[in-house]
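For reference, the chains in residue letters:
Number of protein chains: 2
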Amino acid sequence: MGETDPNTREPIDVEAILEALESGETEQIVAIAKEAHPGDVEVAFERLEDEDREQVLDQLPAEVLSAWADYLPASDVEHRLNTLPETERREVLESLSDDELVDFLQEVDEEDRGQYIQRLDEETRQISEDLLKYPEESAGGRMTKAMAVVPVGLTVKQALEVLESIREEAELLSRIYVVDEHRRILGKLRLRDLAFSKWDTEIAALMDSDQISVNALADQEEAAQMIARYDLMALPVVDDEGRLLGVITHDDALEILEEESTEDMERISGIGGQSDFAYLQTPAMTHFRRRFGWILTLAFLALSSGFVIHAYEAVLTNYYILALYLPMVVAAGGNTGAQSATMVIRAMSLGELDTREFWRVIWKEGRIGFLLGTLLGVCVALQIQFLMPPGMITGSLTPLSVAIVVGFSLMAQVLTSTLIGAALPIGAKKMRLDPAVVASPAITTVVDVSGSIIYFTLAGAIFR
Amino acid sequence: MGETDPNTREPIDVEAILEALESGETEQIVAIAKEAHPGDVEVAFERLEDEDREQVLDQLPAEVLSAWADYLPASDVEHRLNTLPETERREVLESLSDDELVDFLQEVDEEDRGQYIQRLDEETRQISEDLLKYPEESAGGRMTKAMAVVPVGLTVKQALEVLESIREEAELLSRIYVVDEHRRILGKLRLRDLAFSKWDTEIAALMDSDQISVNALADQEEAAQMIARYDLMALPVVDDEGRLLGVITHDDALEILEEESTEDMERISGIGGQSDFAYLQTPAMTHFRRRFGWILTLAFLALSSGFVIHAYEAVLTNYYILALYLPMVVAAGGNTGAQSATMVIRAMSLGELDTREFWRVIWKEGRIGFLLGTLLGVCVALQIQFLMPPGMITGSLTPLSVAIVVGFSLMAQVLTSTLIGAALPIGAKKMRLDPAVVASPAITTVVDVSGSIIYFTLAGAIFR
Numbered sequence: 005m006g007e008t009d010p011n012t013r014e015p016i017d018v019e020a021i022l023e024a025l026e027s028g029e030t031e032q033i034v035a036i037a038k039e040a041h042p043g044d045v046e047v048a049f050e051r052l053e054d055e056d057r058e059q060v061l062d063q064l065p066a067e068v069l070s071a072w073a074d075y076l077p078a079s080d081v082e083h084r085l086n087t088l089p090e091t092e093r094r095e096v097l098e099s100l101s102d103d104e105l106v107d108f109l110q111e112v113d114e115e116d117r118g119q120y121i122q123r124l125d126e127e128t129r130q131i132s133e134d135l136l137k138y139p140e141e142s143a144g145g146r147m148t149k150a151m152a153v154v155p156v157g158l159t160v161k162q163a164l165e166v167l168e169s170i171r172e173e174a175e176l177l178s179r180i181y182v183v184d185e186h187r188r189i190l191g192k193l194r195l196r197d198l199a200f201s202k203w204d205t206e207i208a209a210l211m212d213s214d215q216i217s218v219n220a221l222a223d224q225e226e227a228a229q230m231i232a233r234y235d236l237m238a239l240p241v242v243d244d245e246g247r248l249l250g251v252i253t254h255d256d257a258l259e260i261l262e263e264e265s266t267e268d269m270e271r272i273s274g275i276g277g278q279s280d281f282a283y284l285q286t287p288a289m290t291h292f293r294r295r296f297g298w299i300l301t302l303a304f305l306a307l308s309s310g311f312v313i314h315a316y317e318a319v320l321t322n323y324y325i326l327a328l329y330l331p332m333v334v335a336a337g338g339n340t341g342a343q344s345a346t347m348v349i350r351a352m353s354l355g356e357l358d359t360r361e362f363w364r365v366i367w368k369e370g371r372i373g374f375l376l377g378t379l380l381g382v383c384v385a386l387q388i389q390f391l392m393p394p395g396m397i398t399g400s401l402t403p404l405s406v407a408i409v410v411g412f413s414l415m416a417q418v419l420t421s422t423l424i425g426a427a428l429p430i431g432a433k434k435m436r437l438d439p440a441v442v443a444s445p446a447i448t449t450v451v452d453v454s455g456s457i458i459y460f461t462l463a464g465a466i467f468r
Numbered sequence: 005m006g007e008t009d010p011n012t013r014e015p016i017d018v019e020a021i022l023e024a025l026e027s028g029e030t031e032q033i034v035a036i037a038k039e040a041h042p043g044d045v046e047v048a049f050e051r052l053e054d055e056d057r058e059q060v061l062d063q064l065p066a067e068v069l070s071a072w073a074d075y076l077p078a079s080d081v082e083h084r085l086n087t088l089p090e091t092e093r094r095e096v097l098e099s100l101s102d103d104e105l106v107d108f109l110q111e112v113d114e115e116d117r118g119q120y121i122q123r124l125d126e127e128t129r130q131i132s133e134d135l136l137k138y139p140e141e142s143a144g145g146r147m148t149k150a151m152a153v154v155p156v157g158l159t160v161k162q163a164l165e166v167l168e169s170i171r172e173e174a175e176l177l178s179r180i181y182v183v184d185e186h187r188r189i190l191g192k193l194r195l196r197d198l199a200f201s202k203w204d205t206e207i208a209a210l211m212d213s214d215q216i217s218v219n220a221l222a223d224q225e226e227a228a229q230m231i232a233r234y235d236l237m238a239l240p241v242v243d244d245e246g247r248l249l250g251v252i253t254h255d256d257a258l259e260i261l262e263e264e265s266t267e268d269m270e271r272i273s274g275i276g277g278q279s280d281f282a283y284l285q286t287p288a289m290t291h292f293r294r295r296f297g298w299i300l301t302l303a304f305l306a307l308s309s310g311f312v313i314h315a316y317e318a319v320l321t322n323y324y325i326l327a328l329y330l331p332m333v334v335a336a337g338g339n340t341g342a343q344s345a346t347m348v349i350r351a352m353s354l355g356e357l358d359t360r361e362f363w364r365v366i367w368k369e370g371r372i373g374f375l376l377g378t379l380l381g382v383c384v385a386l387q388i389q390f391l392m393p394p395g396m397i398t399g400s401l402t403p404l405s406v407a408i409v410v411g412f413s414l415m416a417q418v419l420t421s422t423l424i425g426a427a428l429p430i431g432a433k434k435m436r437l438d439p440a441v442v443a444s445p446a447i448t449t450v451v452d453v454s455g456s457i458i459y460f461t462l463a464g465a466i467f468r
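Residue numbers (this note's numbering), protein chains in the order written: chain A, 5 to 468; chain B, 5 to 468.
One or more of the hints may lead you astray.
One copy or two, it doesn't matter: identical chains are merged, so the pair holds either way.
Claimed, not checked - Taking lysine to any residue and the SDA-like style, the derived pairs with C-alpha atoms no more than 25 Å apart in a straight line are:
| id | residue 1 | residue 2 |
| --- | --- | --- |
| 1 | Lys38 | Leu190 |
| 2 | Lys38 | Ser99 |
| 3 | Lys137 | Glu264 |
| 4 | Lys38 | Phe311 |
| 5 | Lys434 | Glu226 |
| 6 | Lys137 | Glu245 |
Honestly, the hints are just simulated from the structure, not real lab data.
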């Protein structure tokens, strides 16, 4: 993290907002609000308590709300909209860009959505309804229709005239799409190609005919990965006939990939569902609901481990030294399984790995697991043989026999856990499930059971 | 994942490359190479075995290598460079953009670096040496100097002339920076503002004076987060006096944030170090080295749990039914601790949370932990009271007494684990450590010990 620095822009001062609120200086809030970048407002809002947030919202003039709408949770925007007079409400909605408006409409309750749409002017309503046809998490659901399009056959002068007429609407004039009469993409132009060329040049001669595009029904993650892979500023979205429908821009890609990374991390730690809110904005009850499912499931699954230990009562009570190494054997499996699962899940998310590579992954993880297990087993066996506190190993047992049992159990446990950790997520993906869902929690439970069985069976066999 | 579709660009066919290799059709490889987008090549290379990769590399013409250099691991680029004749080697290096070249130089061995720099022409060498002064993971280490800069005071016509002369060098003409005589940023222009304005207009009248910038020594992650927060196409990088040094572009931000997410995920699962290579490209020995440290440490830390169980021999062997629920109590702590740690670490990474919010996080997680623990404790207590297989609970014990011990242990264990899981990462950040390093593995070990102590102490007290 960098230091605070006079040349670096500082986020908006949350303390100042809170102070202004406490002292009731509403003009102060409005003044801060007007100056602040919406990006900073987003950060400040993430840290405000619910009541404080509502108080700030209630002070916001309509034009500030328009500027902020894309950066605030839909419920906050809706809260403020509902307190505004009808005309201002419509002004705010119509001032939003088409993808911002659709994001908002996708997030509000379905009943309210119809009401908001009715209020829009004809053109905005048409565009919104078009965009709302696509699933929220598809490329179509994320695109904007505000891109620059010119028909092939124009000259530079004609193209510039077209662009000048749409310059304020189009999100990105830096990429201009050249289309045929069916609106299929023929190529793309940069504004600089037009600005620095002779006016009578045909645009077809200037365009780059590289045509990367994504289908409107493709997953938004696929679109974001294409933007990342090809370093694009915008990715055209097309229908099944290849007709240009809209574009997804680089800032959307960033947002999508951040959301997907968050989702993967949460799944890996056994957190279900999704939240559109920041951590502090999310009520404790919502956090609770997202976590309790796995906690309860895993608790009862852990009973199977308990049954294994319970079943080996004779072995454990006869050779109580086994209790000392039981947590180690079990934990080593959970830890190595979580490592290999995480590596494989992340590699699949980044597109580095596919289910076709199953056997190559198994071969790699097999070697890694063998190395990890062997070295760990040897280290612990040496500790038992040479560094055991006196009096711990009693009766018919020798340090060597314990070292052999623990060392070989660790080897077997680590090798199998590494393989299970790698195989389960790939298997899940093969069955079209989210690989991250079967990650750490499920793996830990499985290898807890297998570890206990390996350990007690080996001990029973060798000590007898 | 979307379906394969004629309109969506398909990644390069790895199988085709492999086949061409096997049959020795080198022209085929070169043909595929010339047509492929470097982004597709990156994906294909991630899946090729080391030997196959080297064979493909050996076929690459110099101009293809130039186009691909930024998408391939530095070691691959170096491998091919060293087999090229001196003049071609220099051509490839000089054809790279300044930030690509610096990325490459940062990754190669320090001895080799000097040799490569010597080969460059005067201007390129000067720029590289300038950029190499900044740490690899700083904003300065990631920036490019190829941006568009115009001095204030020009007219639109003069500015367009300046831009025309640098149009092919500048990475992004979409954002043009207006600077004063000390090269301090006064504002930014869009090419469209110039292209559609009268030639004699002063550019000062057209520019947007919003000046978001980042210090060259700031962490690259801070720069990437600013690009995300403010939806920027490029972020200017400045020195301590506020003079414009370069820019970081949106595609760098994407790359940086993906790297940081990967690093967080890996840390959370106890994987150390970093790898510049994709999963399959990384040799098993490297994977092994990144994982073994934590596995060994955690194994020996698990001994402390073992000592606790060992110390409570009398309680466990007298009331062997406790063995049945021991894994559940211990695992519930690890699972809830991992959940809260993940939530807090991710929120901090996304800038939603700061160390100042410590007590608000504790208050929130305390409530969540209390809810999780109570509900889990009640569910399990009910199972023990009403759904216990007959014959499991013997001697002086009743289902009720076991239900009370297990239920309250779960409550206490889940509540403390949730709090520990949230507190440790924030504490680590306060001490300027990476919060993710003290995540799941460390937390699991701590709560394994605390869980066993809670469980056996409570059982000892209630059963007596």
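We went through each hint and held it up to the structure:
1. Proximity of Lys38 to Leu190 under the C-alpha cut-off of 25 Å is restricted to the inter-copy arrangement: shortest distance 21 Å between copies versus 43 Å within a copy.
2. Proximity of Lys38 and Ser99 under a CA criterion of 25 Å is satisfied intra-copy only: 16 Å inside one chain copy versus 46 Å between copies.
3. For a Cα distance limit of 25 Å, the shortest separation of Lys137 from Glu264 inside one copy, 23 Å, qualifies, whereas the shortest one across copies, 35 Å, does not.
4. Neither within a single protomer nor between protomers do Lys38 and Phe311 lie at most 25 Å apart by alpha-carbon distance, with minima of 63 Å and 61 Å respectively.
5. Proximity of Lys434 to Glu226 under the C-alpha cut-off of 25 Å is restricted to the intra-copy arrangement: shortest distance 17 Å within a copy versus 37 Å between copies.
6. Only within a single protomer do Lys137 and Glu245 lie at most 25 Å apart by alpha-carbon distance; the minimum there is 17 Å, versus 51 Å between protomers.
Going down the numbered hints, you'll see the structure goes against just number 4.
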